[in-house]
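**Q** Quick mapping for you: the protein sequence lines, in order, are chains A and B. My numbering puts the first sequence at residues 12 to 529. My numbering puts the second sequence at residues 9 to 387.
These are calculated hints, taken from the structure and not from any lab test. Take the hints with a grain of salt, since some may be wrong.
Lysine to aspartate or glutamate pairs mimicking EDC-like chemistry, simulated, CA-CA at most 20 angstroms apart [claimed, not checked]: (1) A:Lys13 - A:Asp519; (2) B:Lys270 - A:Glu393; (3) B:Lys270 - B:Asp314; (4) A:Lys13 - A:Asp30; (5) B:Lys270 - B:Asp329; (6) B:Lys120 - B:Asp80; (7) B:Lys195 - B:Asp238; (8) A:Lys493 - A:Glu480; (9) B:Lys270 - A:Asp409; (10) B:Lys66 - B:Glu36; (11) A:Lys333 - A:Glu393; (12) A:Lys333 - A:Glu390; (13) A:Lys493 - A:Asp279; (14) B:Lys203 - A:Asp132; (15) B:Lys270 - A:Asp320; (16) B:Lys203 - A:Asp464; (17) B:Lys203 - A:Glu130; (18) B:Lys270 - A:Asp404; (19) B:Lys264 - B:Asp295; (20) A:Lys39 - A:Glu373; (21) A:Lys333 - A:Glu351; (22) B:Lys362 - B:Glu198; (23) B:Lys264 - B:Asp290; (24) B:Lys66 - A:Asp404.
If we take Cβ atoms under 10 angstroms as the criterion, some of the chain B residues that face chain A in the derived model are [stated by the list, open to error]: (25) His55; (26) Ala92; (27) Leu94; (28) Asp102; (29) Ile181; (30) Ser210; (31) Val211; (32) Val272; (33) Arg276; (34) Leu283; (35) Arg286.
This structure is a prediction, so every number in the text was calculated from the model and none was measured. A virtual CB, placed ideally from N, CA and C, is assigned to each residue, including glycine.
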Amino acid sequence: MKRIGIDVGGTNTDAVLVDGGTVVGAVKTATTDDVTGGVRTALRDLTAQVGGAIAGTAAVMIGTTHFINAVVQRRHLNRAAALRICLPACASLPPMVDWPRDLAALVDGGAYLVEGGHEYDGRPLMPLDEAAVAEAGRRMRADGVTAVAVTSVFSPLTSAFEDRAAEILRQEHPDLRITLSSTLGRIGLLERENVTILNACLQDLAGETVRAFETAIAESGLDAPLFITQNDGTVASAAIAREQPVFGFASGPTNSMRGAAFLSGIDDAMVVDVGGTTSDVGCLRAGFPREANNVVQVGGVRTLFRMPDVLSIGIGGGTVVKQDPLTVGPVSVGHRLTREALVFGGDTLTLTDIAVAAGIAEIGDRSRIAALPAALVRETVETVHRRLAETVDRMKSDAAAVPLLAVGGGAMLTPDRMPGISEVVRVEHFAVANAVGAATAQVSGEVDHVFRDMDRDALLREAETMARERAVAAGADPATLKVVDMEDLPLAYLPGNAVRARVRVVGDIVAEGMRRAG
Amino acid sequence: MPSASAPDVPIGGRVPLPPRVLTIDDVEALALGAWILGTGGGGDPYHKLLNVRELYRKGHTVTLIDPLSLADDALVAVLSNMGAPLVGQERLADAAFATKPVRTMETYLGRKFDAVMSLEIGGGNGVHPLMVAALTGYPVVDADTMGRAYPEAQMTSVAVAELQCWPFALADIRDNEVIIPRAASWKWMERISRKACVEVGSVAATCKAPRTGREVKDHGILYTTTKAIDLGRAVLDARARHADPVRAILDACAGKLLFAGKVVDVARRATEGFLRGRAEIDGLGGDAGRRFTVHFQNEFSVGYLDGEPVVMTPDLICVVDSVSGDGIGTDVIRYGQRVSVLALPGPEVFMSPKGLEAVGPRAFGFDLDFRSVFAEGAR
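Chain A extracted, bound-state conformation (with noise of 0.2 angstroms):
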């Protein structure tokens, strides 16, 4: 089967086409001002390079940092109500109460609490208020808010009263796009309602993205339905992202390691991604990134949901080196590199230069770094594959040796040994690993609950069962489907043996399926 993968980052937008198990055509070209235009040109680079072989493409996977990025930099946001099913508790830490005041006050639509809610064992909390839910439906409509974040305590483990909220909400605001916690995050209130109005106030973005990826594939002249790539290295349908914008924010770093594994055949090993302004390291189990288990911080929002567990550094291509004493980065020139980094006939000296001089990489004028002192490259060197270590044992989850991939514009300046690593592979089509995770991208199931009363094998059965339904709802074919997560935690001061139960599978999607979910 034929796919396309497009990885639109920060600086560069990368596309490739994937037949099978082979890496037919890679182009990289720079990301646009209204992302778009991006991918238009990537595609018809790629057509260019590979001609007829894009014939029969059976499906665009695209992955953006556009969402996550829209949050950072407070632009497109829509504003958005928060509806919250809780009373008579939680009334004291209103929505949005530890978010940045100016990203608040931008989407600020409202925000609504009524009673209602869940304990931890399923039993209402309180009845549902019908009549106060219809209420803010009508107040909403008459604010001309079309956007709101549904929240009910101990959703992940029933959703019954927000389903019931979206249907009374629905009927009092029938433009209304609604989101319901209980489809984004886990257990954790604050946490998961912030997802949830992230969610919500990007719905007039996530909405012109897609329909304007949309354009661009047909422009280029291909029949392929578009996929958007997710956090945990997933694909969902367009008409799903576009309600859903919240699970490509970490698409990214997840794409590398995916595409890292693809092209290396390692589904278990260590990944660094070396781009122009940071380092991400991740950890690959089984072909799939370890996630984060704690609160993520996007935009200085707390989140909690399905994230890649990635470490940052301030190491990067474009990384900005200074003498007396010797310090290198955070500072990085980024997407300028081929502007100001001296290789290029700029003046700031960077970790491309140091690379060029060291011998380890062959890029611009080499003429222009002949001066260098060697005692100055050696130690640059020296500090960053320091730190690279450090970064890379740090994110280890066991003592055991493993293999390090290395992927990224700036690879090189991955050191060929380090501690606690078997060894470092270095890939084909390194450089644009990100696009070829997206073009391999699986669909998956996923289940966060807690069972009571059952033993551990009968209750990890029941839970993947669960998850291996929604992975087939979603898309995958049954045939393919494999375990990737499993874990449960025994939950302290609950009564009846209570175990918190996460398995997550994946499966290839169903090559028929794709028009249909297209």
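Chain B: place on chain A using the hints.
**A** Frame of chain A; chain B shown alone:
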């Protein structure tokens, strides 16, 4: 409002400090320090800190008073949040909710309190009474009854002193209130109140047996609020100066660094309502080649270095992030974390035979004779 009147009898001739209004920076530092003193348990204070921030933003403040300034017959409410940390992640801490059992107890006693204090300074309960104080205006006594966090109600200085364990008030967020007028022992009180707590959703605000000013002065663990604030400030200052926060904790609390390494294995199981288990840590730097094993029952209880027990409760065993100095909870400690294991001196009251009976290693199922890291000739 009656509060800090002159003490009837000065203790050790010490002159009580004047009351002081805490700044929000003090409260931020308190939350950080309380989390470290929680020795892995007690719950993350974050939601309680958010509550106090909100109340300060609306103009409320908290006054901290020296326990020695309490009149002998002053009445002090000992407060805590009870329940499962997981439930607390959904049923957010709420200042009005925390205040409910205080009013219930006042109605039951037919008398107003003069001040509030924390059951345990470690974890979220270290900040809990500040929510009530900010809302009601009652001052907070600079003391608690654990000097850290412990999992059960009989593991307190007032229980070790065999002070009366009743009456007890518990409130639910709905209109459910429970008074336990009497219980046969602290352990009975723990069992009965735990049942009520589970019934209302495994989260409840409680007001423990009220204490007189005299009792607080004689049997409370004094100045622990200030200790937690100073500890938090030391960590924040160290971070701001790019100095070592772990060193700052040791200096602030006269503690000892036992081990530094990387977590390589964690085993957890829930039994009898507790989170039990152990974490294995492989040494880094000077500790390379050695293995530290730290056991926990909600809180860290005993630590072994290469198989030999080297630290045990009631010494405080704190596992902190080696870089940031942040406390690490027993429910979130995981593979790969770079951690430092520290011992901080435990409260004197728990070093007595009765104290060790309540909170020594045998109270947590370890057949070990207590030996303090801080004893003469210890490591």
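**Q** If a hint holds in the structure, say so; if it doesn't, say that too.
**A** These are the hints, each one checked on the structure:
no.	hint	in the structure
1	A:Lys13 - A:Asp519	holds (13 angstroms)
2	B:Lys270 - A:Glu393	violated (24 angstroms)
3	B:Lys270 - B:Asp314	holds (15 angstroms)
4	A:Lys13 - A:Asp30	holds (4 angstroms)
5	B:Lys270 - B:Asp329	holds (10 angstroms)
6	B:Lys120 - B:Asp80	holds (15 angstroms)
7	B:Lys195 - B:Asp238	violated (33 angstroms)
8	A:Lys493 - A:Glu480	holds (12 angstroms)
9	B:Lys270 - A:Asp409	holds (9 angstroms)
10	B:Lys66 - B:Glu36	holds (17 angstroms)
11	A:Lys333 - A:Glu393	holds (15 angstroms)
12	A:Lys333 - A:Glu390	holds (12 angstroms)
13	A:Lys493 - A:Asp279	holds (15 angstroms)
14	B:Lys203 - A:Asp132	holds (15 angstroms)
15	B:Lys270 - A:Asp320	holds (17 angstroms)
16	B:Lys203 - A:Asp464	holds (18 angstroms)
17	B:Lys203 - A:Glu130	holds (16 angstroms)
18	B:Lys270 - A:Asp404	holds (10 angstroms)
19	B:Lys264 - B:Asp295	holds (14 angstroms)
20	A:Lys39 - A:Glu373	holds (18 angstroms)
21	A:Lys333 - A:Glu351	holds (14 angstroms)
22	B:Lys362 - B:Glu198	holds (18 angstroms)
23	B:Lys264 - B:Asp290	holds (18 angstroms)
24	B:Lys66 - A:Asp404	violated (46 angstroms)
25	His55	holds (7 angstroms)
26	Ala92	holds (4 angstroms)
27	Leu94	holds (5 angstroms)
28	Asp102	holds (4 angstroms)
29	Ile181	holds (5 angstroms)
30	Ser210	holds (6 angstroms)
31	Val211	holds (9 angstroms)
32	Val272	holds (5 angstroms)
33	Arg276	holds (6 angstroms)
34	Leu283	holds (4 angstroms)
35	Arg286	violated (14 angstroms)
In the structure shown, a violation is registered for the earlier hints numbered 2, 7, 24 and 35, in ascending order.
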